[in-house]
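**Student:** So the sequences go chain by chain: C and S. Those letters in the first sequence? Residues 1 to 345, by my numbering. Those letters in the second sequence? Residues 1 to 355, by my numbering.
These aren't lab readings, by the way, just hints derived from the structure by calculation. Note that the structure is predicted; figures quoted are calculated from it, not measured. There may be inaccurate statements among the hints.
As the list claims (entries may be wrong) - Just some of the chain C residues that point at chain S, by a computed CB distance under 8 Å:
id : residue
1  : ASN132
2  : GLY154
3  : PRO247
As the list claims (entries may be wrong) - Beyond 10 Å from chain S on every Cβ pair, some chain C residues (computed):
id : residue
4  : VAL120
5  : LEU216
6  : LEU295
Unchecked claim - Derived Cβ-Cβ restraints for the label pairs, each shown as a range:
id : chain 1 : residue 1 : chain 2 : residue 2 : range
7  : S       : GLU324    : C       : PRO44     : 21 to 31 Å
8  : C       : ASN100    : S       : ASN38     : 50 to 60 Å
9  : C       : VAL299    : S       : GLU194    : 15 to 25 Å
10 : C       : GLY113    : S       : ALA274    : 30 to 40 Å
11 : S       : GLU273    : C       : GLY169    : 17 to 27 Å
12 : C       : PRO49     : S       : THR269    : 21 to 31 Å
13 : C       : ARG130    : S       : THR269    : 48 to 58 Å
14 : C       : VAL196    : S       : ASN250    : 46 to 56 Å
15 : S       : GLU324    : C       : LEU109    : 24 to 34 Å
16 : S       : ALA274    : C       : ASN132    : 38 to 48 Å
17 : C       : LEU172    : S       : LEU131    : 21 to 31 Å
Using N, Cα and C, we set each Cβ at its ideal position, and we do this for glycine too.
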Amino acid sequence: MAQTGTTVRTQTPLAASSLPVAKGFVTIVVSTIALIVLCVIYAPSAVTPGSLMGSLPFAAVLGIVGLGQMLVVQQGGFDLSVPGGVSLAVVVASHTANGNDALLFQAALVALGCALVAGVLNGVMVALFRLNAIVATIGMNALLFGAVFAVSGGVPRITTDLLAEIAGGRSLGIPHSVFFAVAILALVSFVLKKTVVGRRFEAIGANPLAAHAAGLRVRLYEGAAYVLAQLHYCVAGFLLAGITREPTAFQGNSLLLPSVAVVVLAGVSLLGGRGFPISVMIAAFFLNQLSQFALSIGVPYSAQTIVQALALVFGIGVYSINWTGRFSKTNQKPMEEEDHDTVVS
Amino acid sequence: MTLSYLKGGAAIAAATMAITVAGTAVNAQDVPSWCGPNEASLALLDGFGGNSWRIVTAEAGRQEAERCPQITEYIYADGQGDTQRAISDINSMAARGVNAIVVFGDAGPAVLPALTNAYRSGAVVVPYRVLVGGEAGTNYTRFIGASFVDDGITWGNVIAEAFPEGANLLFLSGPAGNSQGLEELEGMRQVLGEEYVFLNPEPFAVTNWDPSLTQQVLSAAIAQHEDIDVIVSDFGPSLVGALPVFQNFNRSIPMLVTSDGNSLGCFWTENQEANPDFELFTIETGTDNVRLAVQWAIAEATGGQGPEAEIFVSGPFENSITGEPNAVQCRADLPGATYLSSGVPGDRQGELVGN
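Please model the complete structure; the sequences and the hints are all you need to start from.
**Tutor:** Structure, rendered in structure tokens:
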């Protein structure tokens, strides 16, 4: 069954009691396990502890950015200001602090302030003035890069030792960025799935008209998605600055397509609706591991790019096309059974 | 070298700076032979000026122009990674009647028509470092290239000296297919025999000169190959964040053969004790390539005598094994994104880059 907002509206409450699992979750978990098996067979070096320690921080950053993008997509929007948001946090982290650990907290506040302003502007443009999300956020991206230049002049600067330790260090053998990702994942999952605000957020994404009729403040929630997304990009940018130690001023540029890809791979409907935070995080690991696999088997760079693009096509193909309905119309399951697929992640 | 580009519509207000240097007092005996008797104006046009390497390069160009009292006006314009803007800058300088135009043609052949128009309108046009196609004498006055093949030969000689029996090499360069990386590889292959094995995919491991991608590429390579003897990179500072990955594997950082950068020198100073195999050899990073281009442009525009060289060759800069021509340099008081090999003094770079 296709994972769309329509799907959500057809589910029965009773289905939740049978420990159902979302189709997106199953697909991405199976894909990830298959990829790990492939790695073990064909590129064992890609799954050694040392290799994972090197690549997991980037998966964590991608996961956090993906969660931000997911919130926007849940409201039927798109956020193309990811590169600007991440890059601005990176240059604020490295330039405002300027190698001085004592200024790191101040830099974090400045970065958060910038993220809030950018998010509010995005939210106002899209939710209040009803501008097209793609146009509004691509404009915001340009503004954010203007700020990147204003702060840095395009010149990279070395991160403070404290940030390098916080973001790039390890505890219990696990990179700190992974702890950050897990904590943010837990927070997003809890708020989205277990609080009234979160349930309303998903309901509005699934059907804004019905939500409006029910008296929910649709525009507020839609706008809030952009603010929360920018906060995610900000945290991701800070982590990236610490992980790479001497980041460029345009470090966010490479994150736009993957941020959309992980949301698609996780099975979140591009039309809005339910979010699947855990699936997004697993998809981030999957995409990152796919790159490591391609690097380890030594394929050319062009092939690596193609492999990633195919993963995106795969994601869209799996979720956007109703394969069951298209090829076996006479063999459809009863509605109650199908709905089991779409309840939880 | 091209590092990163601002994409899409991300542009800030045009940054064009005009500095009049006519009043600079220069003694007659200090006037170089490439500075002729005729007065001229000079423009240095950058395709993308938004990184420290370009900022230092622009300063080197300004300093070189300042040495010639016949230069009445020096103009710098930044194309900000926007091809349209870069073309517009060239056309604008030609329309203003600027006598000599030095161009870093980041957009490659895309700027050739504008260069040709400027050349035909009577300006001296000198593209440098990045190939723009066309021919000298037809499309522009003269092209002042950098010899990346020579860089490769210099690196190859150092590697052969350190590992006479052969070695396993990992060569990292920028975007896929970039001509700089290909020429450097050609240079290394001229010197190194079959006993020197390149572990990376042909022709080099793609990093886009991006620290984050470099780190991921290096992680995969280290996990895959237990015996990397030498890492060769044409942009050393991008490795600063990536080299600690070796700690994840409990292995020493191997010998590094690259171009210089203050952050890299300081990284070596801090980490060489804990990494017994970590030797560092660097060549000059090439911020002075622009000086040769400016000299030629001024010589042609003022009727001076052209310098002997037409191709810029980066000399060796640091060698942690022999200490020749320099031991590894680190100025902890300066920003990491400065280049101590540059003709622009470190303190001046610090002022420019630090602000």
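**Student:** Hint by hint, say whether it matches the structure.
**Tutor:** Against the structure, the hints:
Annotation: interface hint on C:ASN132 violated; nearest CB of chain S at approximately 15 Å, more than 8 Å. Nearest Cβ of chain S to the Cβ of C:GLY154: about 3 Å, under the 8 Å cut. The hint holds. Taking 8 Å as the C-beta contact cut-off toward chain S, the hint placing C:PRO247 at the interface holds, the least distance being around 6 Å. Chain S leaves C:VAL120 outside its interface by the beta-carbon criterion, the shortest separation being 20 Å against a cut-off of 10 Å.
Distance check on C:LEU216: its Cβ is at least 35 Å (rounded) from any Cβ of chain S, clearing the 10 Å threshold; non-interface status holds. With a closest Cβ-Cβ approach of about 4 Å to chain S, C:LEU295 is found to fall inside the 10 Å limit, against its non-interface label. About 43 Å separates the C-beta atoms of S:GLU324 and C:PRO44, a value inconsistent with the hinted range of 21 to 31 Å. A C-beta distance of roughly 51 Å is found between C:ASN100 and S:ASN38, which places it inside the suggested range of 50 to 60 Å.
A C-beta distance of roughly 24 Å is found between C:VAL299 and S:GLU194, which places it inside the suggested range of 15 to 25 Å. Distance hint check: the CB atoms of C:GLY113 and S:ALA274 are about 39 Å apart, consistent with the given range 30 to 40 Å. Take S:GLU273 and C:GLY169: their Cβ atoms lie about 20 Å apart, and the range 17 to 27 Å holds. At about 29 Å, the beta-carbon gap between C:PRO49 and S:THR269 stays in the expected band of 21 to 31 Å.
For the pair C:ARG130 and S:THR269, the beta carbons lie near 57 Å from each other, so the given range of 48 to 58 Å is met. Between C:VAL196 and S:ASN250 the CB atoms are about 50 Å apart, so this pair conforms to the stated range of 46 to 56 Å. Evaluation of the 24 to 34 Å hint for S:GLU324 and C:LEU109 yields a failure: the beta carbon distance comes to about 49 Å. Checked against the hint of 38 to 48 Å, the C-beta distance between S:ALA274 and C:ASN132 comes to roughly 54 Å, which is inconsistent with it.
At about 51 Å, the CB distance of C:LEU172 to S:LEU131 disagrees with the hint of 21 to 31 Å.
In this structure, the hints that do not hold are numbers 1, 6, 7, 15, 16 and 17, in rising order.
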